[in-house]
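Chains A, B and C, in that order, give the protein sequences.
Residues in the first sequence are numbered from 1 upward in steps of one, following this note's numbering.
Residues in the second sequence are numbered from 134 upward in steps of one, following this note's numbering.
Residues in the third sequence are numbered from 258 upward in steps of one, following this note's numbering.
Quick caveat, the hints were computed from the structure, so don't treat them as lab data.
As the structure is a prediction and not an experimental result, all values here were calculated from the model.
Computed list of lysine to aspartate or glutamate pairs in EDC-like fashion (alpha-carbon distance at most 20 Å, straight line): (1) Lys384/C - Glu302/C; (2) Lys2/A - Glu338/C; (3) Lys56/A - Asp155/B; (4) Lys383/C - Asp397/C; (5) Lys69/A - Glu343/C.
Computed list of chain B residues with no C-beta within reach of chain C, every gap over 12 Å: (6) Gly142; (7) Leu158; (8) Asp164; (9) Arg173; (10) His200; (11) Ile201; (12) Gly206; (13) Ser246.
C-beta atoms are modelled at their ideal positions from N, C-alpha and C, and glycine is treated no differently.
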Amino acid sequence: MKSEARVPIRSGADIVTARLEGRQLASQAGFNGSDLTVIATAISEVARNIVEYARKGEITLCIIQEGNKRGLRVEARDAGPGIPNIGLAMQDGYSTGRGLGLGLPGTRRLMDDFTIHSKVGEGTLVVATKWIR
Amino acid sequence: MRVPILKQGDYLIASIQSALSDQELLQLRDDLAEQAGRFRSRGIIIDVTVLDVMDSFACRTLRSIAHILRLRGAQTAIVGIQPEVAFAMVQLGLALGEVQTALDLEEGLALLSERTKRGGVSEK
Amino acid sequence: MEERKRTRISTPSSSAIAEASPESTVALLRELVAHLRENRTQLREEWVRRITESKLLTAMTREEIFAEATSVYDNYVAVLESGSVEALQAYARDLSERIIPRGVETHEVVGIVLLLRDVLARSLFKKYQSDFGLLNRVLDAYEPAANRIANTVAVSFVQERERIIRQQQEAIRELSTPVLQVRERLLILPIIGVIDPQRARQVTEQLLRGIRSNRAKVVVIDITGVPAVDSTVANHLVQTVDASRLMGATVIVTGLSSEIAQTLVTIGVDLSKMKTVGDLQGGIEEAERLLGYKVMMEQTADKPLS
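Just chain A, same shape as in the assembly (with noise of 0.2 Å):
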């Protein structure tokens, strides 16, 4: 049994096998049905902001441990054209596809834990962690 998983974002087909693997680890990890299922809602939406910004990129999820909090991390990375202005980006309704902008935010609300790194022309991070209860 992993407790780690790494899936290339290229196409929409990948969207749906990140969100199994998450639901797999997170299972695993021990969260119960509804958390399986917020955890697999941001893991869409990260990997979907990857493929319609970036067209590729990479999603690491891992289930880790601080002290006797268990909990399962998500990570997703690309190399893409970078977010010029974080702070719109986390607005509810922002989007400069054609998207309905929630993504980055309903993450931020879907998960515990919720960093952002972006460089304009080198791409961008997104780390998301939630922990059971």
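Fit chains B and C to the known structure of chain A by using the hints.
Frame of chain A, contents of chains B and C only:
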């Protein structure tokens, strides 16, 4: 894998069987638009009982399906959103807007028959 | 000064041994794994004897202890061989799941694993006693691996226990937050007291599952018993209302005092999105109206209630 669409009188019922790819969802949109026009359907039910995740793309597409179908004179009802999915959707901030929802197929048909009886297209 | 020169270097100090090359560690581990396999039967018996002597696993019969001891022993040796902790974690979780309901406690699990470590270590002493240098190198290879195993098993056991405790707490919480079905297709959720975010989440999940299993068309959420509402609670309430509507249920919020209504408006909650009624009774009547129940009270006003 095309989503099967059943015709029941004035209604079309699309039952999603498994997690849909983006492509398949868009295909569903085109199929429903085509069939609603061909059969002059008055109501469309999209059964999402089996969907384990509703993300922003799926939400957006379902809303656009309802919009297109309304232009063809049909009302749409989404049925079968599961508890965990509904909960994740509201946390993410997704809303179906004016698209009607019902618990299941039975409720969905009851809802549509009530709405379409009033004659013409009405807001929720 | 050692006579036996089976190995290249023979150094007495353990710090130098700690720098032994990885290949020799691997080779040593292979050798001791072979030894542990060869002597499986007697070492396992020795271990079970010591378990019983120490009065551990008293909740289990001798046959059960022997059966579990066999698989723990084999897994132990397999992990020494492969170095892979994942398989061990999976096994430890599985074992914990089986023995926790039998009343086995943490100190027992830690105890038996340490006893196994000792039994095997002694067997290594016995085998390599004539070559002190080699014995040291063997122990250098064995000890970190053995300690990791003991640690992994203990931690997995504790985590499994914690998981079970959490599950039980969740079940208790569910029992104390009733979602009531008073009529067909109508659910009432009375919320009482201060709600922390975790409980709020749990209550919402329970309500949504209740909507599905009861096929509820109307939900009355009564917040008469909620003293204060901050933006977190308000958000939870709105989310609960929205999620219920996604499942096709209409929500009526009752018990909204004017202070709370004011707070909600200030926070930015769109009250027009939800139906609100002053009190629970009024809410239930409104719900029944929505469901098409006729209110019979007016017609029987003259007759005494039986």
